[in-house]
Amino acid sequence: MRLLYAFIAGGLFGAGLFVSGMTDTAKVQGWLDVFGDWDPTLAFVMGGAIIPMAIAWRLVPGRKPLVGGIFPEPQEPKVSRNLVLGSTMFGAGWGLAGLCPGPAIASLSYGGVWHWVFAAAMLAGMALAPMLRVTLDRTVPAE
Amino acid sequence: MEQDWIWGLVGGLLIGTGGAVYLLANGRIMGASGIIGGLVDGSGRSTASERLVFLAGVFLLPILLYPLYGHVDTHVSTNPVVIIAAGLLVGAGTRLANGCTSGHGVCGISRFSLRGIVATVFYILAGGLTVVFFRHLLGVI
Chain A
1 MRLLYAFIAG
11 GLFGAGLFVS
21 GMTDTAKVQG
31 WLDVFGDWDP
41 TLAFVMGGAI
51 IPMAIAWRLV
61 PGRKPLVGGI
71 FPEPQEPKVS
81 RNLVLGSTMF
91 GAGWGLAGLC
101 PGPAIASLSY
111 GGVWHWVFAA
121 AMLAGMALAP
131 MLRVTLDRTV
141 PAE
Chain B
1001 MEQDWIWGLV
1011 GGLLIGTGGA
1021 VYLLANGRIM
1031 GASGIIGGLV
1041 DGSGRSTASE
1051 RLVFLAGVFL
1061 LPILLYPLYG
1071 HVDTHVSTNP
1081 VVIIAAGLLV
1091 GAGTRLANGC
1101 TSGHGVCGIS
1111 RFSLRGIVAT
1121 VFYILAGGLT
1131 VVFFRHLLGV
1141 I
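Protein chains in written order, with the working numbering: chain A, 1 to 143; chain B, 1001 to 1141.
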């Protein structure tokens, strides 16, 4: 059942990214570009996605996941160097290409060769991340 | 187009419902970068099949919907330097920050997570400044 639910969740995610237009890099960059012809779509996508998720979080306390196990504990509310630096790097890449990890996968079947090049570079970046963590810890000690 | 925001809202509700299913059924946070990254660096080896099946859903549903649209232009850059640099930054950055738009943005903000909110502020600011700089000042994107 775990795999069936995972497929349904992924399918809903992929379908949502597709119909919302979030695999169109022009719409994402259009939202980020406050000095251009501003496109508000992304705000509606974010808002729309947060509603069912907020309801889901309210159902969590006192229950267990359907397949068993436990729900993820809230993380310690600590803003770390890696959180800020990583999010800034991610934002820069997101602005450059107009793609983030979810839409990068959802658009592979129809986006053409440059979406595959982006995905390959993204996987390479993910593979390099553990090394980057170690290097950062060595050269810029976290406070 | 005028209707884009309606489809944005519909798509957003679908995305959030996917996240709700992944949370309530499997007890997992639906973060695309974490699901992919765990397969890349080996940290998610014990849950690899769940991750792969989730990603198969993300990849396959647009194939089923595509014929209804006929053609979808993603307006992606064809500049190899831009695309490769962007991919590397997105991959390394999301793993360093432990989350992206879905994990920190959708799943984090909806539980009022401080880390999710801070991450979202930083990636939106960085994204906005990047677009302004590379589009309006340099004209390369």
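Watch out, some of these pointers could steer you wrong.
To be verified - What follows is a list of derived Cβ distance ranges for each label pair:
(1) K64(A) to H1136(B): 49 to 55 Å
(2) P1067(B) to A127(A): 49 to 55 Å
(3) R138(A) to G1139(B): 37 to 43 Å
No lab work stands behind these hints, which were simulated from the structure alone. Even for Gly, the Cβ is constructed at its ideal location relative to N, Cα and C.
Hints versus structure:
no., hint, in the structure
1, K64(A) to H1136(B): 49 to 55 Å, "holds (51 Å)"
2, P1067(B) to A127(A): 49 to 55 Å, "violated (35 Å)"
3, R138(A) to G1139(B): 37 to 43 Å, "holds (38 Å)"
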